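Asker: Each chain is listed here by its residues.
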Amino acid sequence: MGHNTQMAEEIRNRQDVILKDWMSYQLAALTLRRDLLKESELRETSRQFLELFAEAFATSADSSSPHWKPVKDNLTEISRSRAVQGFGPSETAMFVFSLKQPLFDLVQQRAGQDGKRLAEMFWDLTILLDKLGLYTTEVYQESRESVILRQQQELMELSTPVVQLWDEVLALPLIGTLDSGRTQVVMESLLQRVVETGARIAIIDITGVPTVDTLVAQHLMKTVAATRLMGADCIISGIRPQIAQTIVHLGVNLNDIITKATLADAFQVALQRMGATISKAAP
Amino acid sequence: MERIPILKMGSYLLVTIQVDMHDRVAMTLQDELTERIVSERAQGVLLDISSVEVVDSFIGRMIGNIASMSRVLDAETVVVGMRPAVAITLVELGLALPNIRTALNVDAGMTLLKSSRKTLANARSPR
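Going line by line, the protein sequences match chains A and B.
When we follow the numbering used here, the leftmost residue of the first sequence carries the number 1257, and every step to the right adds one.
When we follow the numbering used here, the leftmost residue of the second sequence carries the number 80, and every step to the right adds one.
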């Protein structure tokens, strides 16, 4: 495209002027966060981007071509660091969109009275910069999602401690919701401890589980079944009154699992099973 | 061909699975075990799976079958030495084997067999 190579040459040669205009537009824009970004930093970022942009534009006007990779990498970098600094995705995209104004000014100077040519170049530049601006939003989204994913991982790894209450009696206090991923972790750590301590009874306390729906109940039953296979019995304690109602309403069948309202009651049952009794010492 | 050894311990039989269980081996085990239960008049079977690292639905079913067959022959089965990973797999496969007694190791398993035999004897003793 003849006029594009000409245009590209122009942009390359007049980078300083474009940068100066771009900076003044950016600084005047209402979306600029002076509190988060220093002018010198903005200038350097803009200069770098403009340089890469000019290079890429000289070879192709199609942003999906591999020639635009350096520009996209640069934008990824900018988007990530802006996100870390606390900018919103629109503000980062505006960085790219604000380049339209100085480039349009330049095009207008060059194309002069040629309306058709003017319109064509405007359109090409608009499409190009729109795509690049949207690219920054995509990158922003991705980095946010990876933060969420990492936090989910950390939540799952929040240790599910298995404590030994007595010889051969273990307690597993569950805090938080029980999803399939967490159930896996819980099962593994509980069974591991059963092997280590030779426990015969495991008390699973669900006082800290906010809601018990059919899915959570299923996970609990799986854990109980697996523990049974290892030769230990399970008692579920910490069943709040509302939970009891929910369980019956939902028609959840707890089979023959012993359930108690408090950990204290469950512990008593466990002791009985072991044939132990607690008596007060004579004063 | 591999055979799974069946050892006699008093009035109980001890079966330790240490090789990969595939069809032939499993069928042979079932045959031999049922015959030994009758010939030795065994009162219980201790199935030791502590060397089994990987189970599939076939092995799960086979364990269930062995327990059922033994019960028909009036011998109690106790499965011992199940590894955590194996337990989780069986539960995920939906083979929780609810009617099978289990214990952590051979000692605990023997205690279980002996005590269950006593309760059974008391329950069946004529008035």
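Errors might be hidden in some of the hints.
Using 20 Å as the maximum straight-line C-alpha spacing, the simulated EDC-like pairs for lysine to aspartate or glutamate come out as follows [what the hints assert, rightly or not]:
1) A:K1516 x A:E1444
2) B:K87 x B:D135
3) A:K1325 x A:D1370
4) A:K1536 x A:D1521
5) B:K193 x A:D1489
6) A:K1478 x B:D135
7) B:K193 x B:E119
8) A:K1478 x B:E171
9) A:K1328 x A:D1380
These are computed hints drawn from the structure, not numbers from a lab.
Being a predicted model, the structure only gives us computed values, none of them experimental.
Asker: Next, verify each hint and record whether it holds.
Answerer: Taking the hints in turn, this is what the structure says about them:
Our distance criterion of 20 Å between C-alpha atoms is broken by K1516 (chain A) and E1444 (chain A), whose separation comes to about 24 Å. Restraint check for K87 (chain B) and D135 (chain B): not satisfied, since their Cα atoms lie roughly 28 Å apart, outside the 20 Å limit. Under the criterion of a C-alpha separation no larger than 20 Å, the hint pairing K1325 (chain A) with D1370 (chain A) is inconsistent with the structure, at around 33 Å. With a C-alpha separation of about 18 Å, the suggested pairing of K1536 (chain A) with D1521 (chain A) holds against the 20 Å cut-off.
Restraint check: the Cα-Cα separation between K193 (chain B) and D1489 (chain A) comes to about 19 Å, which is no more than 20 Å; the hinted pair holds. The straight-line distance between the Cα atoms of K1478 (chain A) and D135 (chain B) is roughly 17 Å, inside the 20 Å bound, and the hint therefore holds. A distance of roughly 17 Å separates the Cα atoms of K193 (chain B) and E119 (chain B); the hinted pair therefore holds under the 20 Å criterion. A hinted pair counts as satisfied when its Cα atoms are at most 20 Å apart, and K1478 (chain A) with E171 (chain B) qualifies at roughly 8 Å.
Among the hinted pairs, K1328 (chain A) with D1380 (chain A) is consistent with the structure: their alpha-carbon atoms are about 18 Å apart, no more than 20 Å.
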